[in-house]
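Letter by letter, the chains look like this.
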Amino acid sequence: MKTSDIFSYAFGAIRLRKLRAGLTTLGVVVGIAAIVALLSITQGLQTTIGDQLQTGFATDTLVVSTGRGFGMSPGAMIAAESDFELLVNYTQIIDEIEDVDLSVAVIRKPGYIKSGEREFLLTVVGVNFAKYADIYSRTFVAERGDISLNPENETVVIGKRISDPWKNGTIFSNVDEVVEITWTNASTLPPKNETYSGHVAAVLKEIGGFGVGGPSDTNVYIPISQAQSFFGIDECDMIIVQLENDDDTTIESVSEAIEEAFGGQVNVTSSTAVLDTISTIFSTVELFLAGIAAISLLVAGIGIMNIMIVSLMERTREIGILKALGMKSRTVLSIFLSEAVIVGLMGAALGIASGWVLANVVARVFTGGGFMSAGNQAAAAGGMTITPVLTPTVILGAFAFGLLVSVIFALYPAWRASRLKPVDALRYE
Amino acid sequence: MATPIVETVNLRKTYMLGKVPVEALQGVNLKVEKGDFLAILGPSGSGKSTLLNMIGALDKPTEGKVFIEGVDASTLSDNALADARRKIGFVFQFFNLIPRLTARGNVELTMTIPGLGRDKRRERAEELLETVGLKDRMDHKPAELSGGERQRVAIARALANNPKFLLMDEPTGNIDSKTAREIVELVKKLNEDKGVTIIVVTHDQQIASQTRRTVLMIDGSIVEEKVN
Ligand SMILES: Nc1ncnc2c1ncn2[C@@H]1O[C@H](COP(=O)(O)OP(=O)(O)OP(=O)(O)O)[C@@H](O)[C@H]1O
Ligand SMILES: [Mg+2]
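Chains as they are written, first to last, in the working numbering: chain Z, 1 to 429; chain A, 1001 to 1228.
Hints listed in this document are in silico derivations from the structure and should not be mistaken for laboratory results.
Keep in mind that a hint or two might mislead.
[Unchecked claim] Quick look at which bits of chain A chain Z covers, simulated, 3 or more residues with Cβ under 8 Å:
#1 1051–1063
#2 1109–1116
[As the list claims (entries may be wrong)] Derived contacts from chain Z toward chain A, CB cut-off under 8 Å, selection only:
#3 M1
#4 E318
#5 G326
Here a beta-carbon is modelled for each residue, glycine too, at the ideal position from N, C-alpha and C.
Excised from the complex, chain A in its bound form:
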């Protein structure tokens, strides 16, 4: 079998709250193959976001390893980690768009960072916004968009650099259920039609039921795995 796109080995993360250690992750072993669509479920505080941050090279584990396409992220320098992040697409619960940039500007920014030329990034941004159904909203700033529209911009942005996988942390957490269903459809189509690997953290059973696989986390450990 090919190398998994993401693999964690005995991953631990301990936060220090003053002198009290908080063990957010207590030895997580997880493998994600290319083309997978994985949902991470679990109660609040169980360590889902912490796990996602490790996988996304946003944070470093206290112990254990994260392999991204077989490369041990803990051995990478800050610069190399930044490079690795360019190939990972993030979608956050609170959108995290840059308020002063338009939808197009936000998507373009992602491609500006690796130094893509102006014309190319413009063209691709428009193409991506069209894919997520925002053809007529390209010149709107986030404040002028609905929650669902903002999350679509965020998804378009996450896809801009052809990421190896998408990480979504409660992407529908701030969106009404009808819009959430549309977002789920969109994400599912990305996985099925374009083969995008997706890892999504969610409370939303409706999302979970659409994925290929779910894992359940409790108190910093994966307690249950299920293939849909």
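Excised from the complex, chain Z in its bound form:
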């Protein structure tokens, strides 16, 4: 029997049981969709992280914080176990260490920024503008205005998302405008609001990412001296250290030297280590999703097998007729496998399409998580954009996988069909 005839016979058999074939296919669709969504998001993420490597994560920097754990957010800094304080002027100690280019202290506090009638909660960051711009020369860059390297106390630099929070051109505040910065001092009783007027000197260009200690679209920057007097502290949240180079040995020796200098009371984290942690988290998530995909494909496969065994019984007589007409066992086998191939291919095609849609929906939910709506904590993540990527390899792989699963699980029923004896099959009621 010709291959084309085998396929058209198999196709006719499938068409007869549309609902059943549809449900069988659905199992494959779900499994393939999960895999495709997963892969295209992961690939998109990899691209995003790759970009971050060049912007948010300078690989030749270290972050020094107190030994109370690494905090990406100010909230993580609250729990105090020791009396050790990381002071702003400790940068002088760090600058002395070999292979250190320069270091900059960062003070981060939640605060409000008010322009006109509107007010937003965000993170106020105090840094030395000159040094900060030196370390983050690619991201701490003005789109409008100038980042003064010798700023007045009132100078304020704002992230792109604070200038244009809704991403639609509705400007919240702009260069040369006056904004009110408010901080709630909770150490006094009752808590007291402190406010001062700042002058927006620059709006940063869009960074579109997340970084550790690095500039962010959702921060407000004020000079470190102003931060010290405004918040009434000399303690900083972290000191960012720029190294001469990003060799592993340099990173290690400087980290050790810094820890030693502060008697082991500080925590030194390299950007590389953070990246490693993030990619570990991602691969865990990936593994988890891959597990789900694998299980759904397994279930799909069992569904195919189950349905084929049922249809085998229904079609026993048909098989008997085919054999009486002189059809060979291997042709009967081919017909049943072709049915599985058709189901697998249709399932894969639909699965790739729906997986792609799913990936884009997930990416949009991730990316579009409103900046101001969820407050400043979510804002950091809100800046991260994932664009799902669908490579030809993924498409081919999905087809191959859909085919493989359906054919493997069809093997047994198809083999049983092919082994039926013509007389027995014809006698079957």
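Following the hints, complete the assembly by docking chain A with the ligands onto the known chain Z.
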């Protein structure tokens, strides 16, 4: 004399019903020459269908031999048996058409199996359906046809690959007597005009009287042979 088209030598078939052996055939010797029209008669359970299945290479004997055009079927592999069946036309009591295919589709399927091209098989299917008088019913599915019409489709299908002989197992068993007479006429004409060799199992005296030869089976043996 030429080799008979079908010859059975001391053919035995024993079914095991649990531990009880059922001897369906107990040493059947039968010769069918080319162009013959043979009726096999006998009471229910006498082994007629069993004999037909052996001759048609649908089943293997327990003992004895079946020669199809001189070739011992018991020596053939499964694949070779499948090939042999392509040259045998079967007509069953319950039609055994494929329900989802049209009359034409059913006839074409027989020619699809040996790999005949689309145009050729279409042409031949239409020709055959015309021969059995179903010119206007070609695109009907079995469910849309009467019993007699279905059996005609089955006969057209059986003839599709130019078989060496036709095997019919109670072809009129499920058809009213008037239609049965028409089917008998058709079969008789195939034998007389086209020289098709036919072996038919039947209860129907009316068919038996039209054949060239009848054999009577009782309890798995041929007990009587008669030339009409
Ligand atoms: N697959 C089988 N397993 C067990 N016994 C069988 C099987 N097929 C047939 N038999 C037995 O063999 C005997 C002959 O059966 P067969 O079908 O050949 O009879 P038949 O002459 O065709 O009868 P009918 O006229 O009713 O069709 C019967 O006793 C039947 O019960
Ligand atoms: Mg019978």
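*Taking 8 Å as the limit, does the beta-carbon of G326 (chain Z) come near enough to a beta-carbon in chain A?*
holds (3 Å)
(message) Is the interface hint satisfied for E318 (chain Z)? The criterion is a beta-carbon contact with chain A at less than 8 Å.
(response) With a minimum Cβ separation of about 6 Å from chain A (threshold 8 Å), the hint on E318 (chain Z) holds.
Closer than 8 Å, Cβ to Cβ, for at least three residues: run that test on the region 1109–1116 of chain A against chain Z and report holds or violated.
-> Since three or more residues must qualify, the claim that chain Z covers the region 1109–1116 of chain A holds, with 6 doing so at under 8 Å.
### Query
Holds or violated: is the Cβ of M1 (chain Z) closer than 8 Å to a Cβ in chain A?
holds (5 Å)
Verdict on chain Z covering the region 1051–1063 of chain A, criterion of 3 CB contacts below 8 Å:
Per the Cβ count (4), the hint holds.
The structure is consistent with each of the numbered hints, conforming to all of them.
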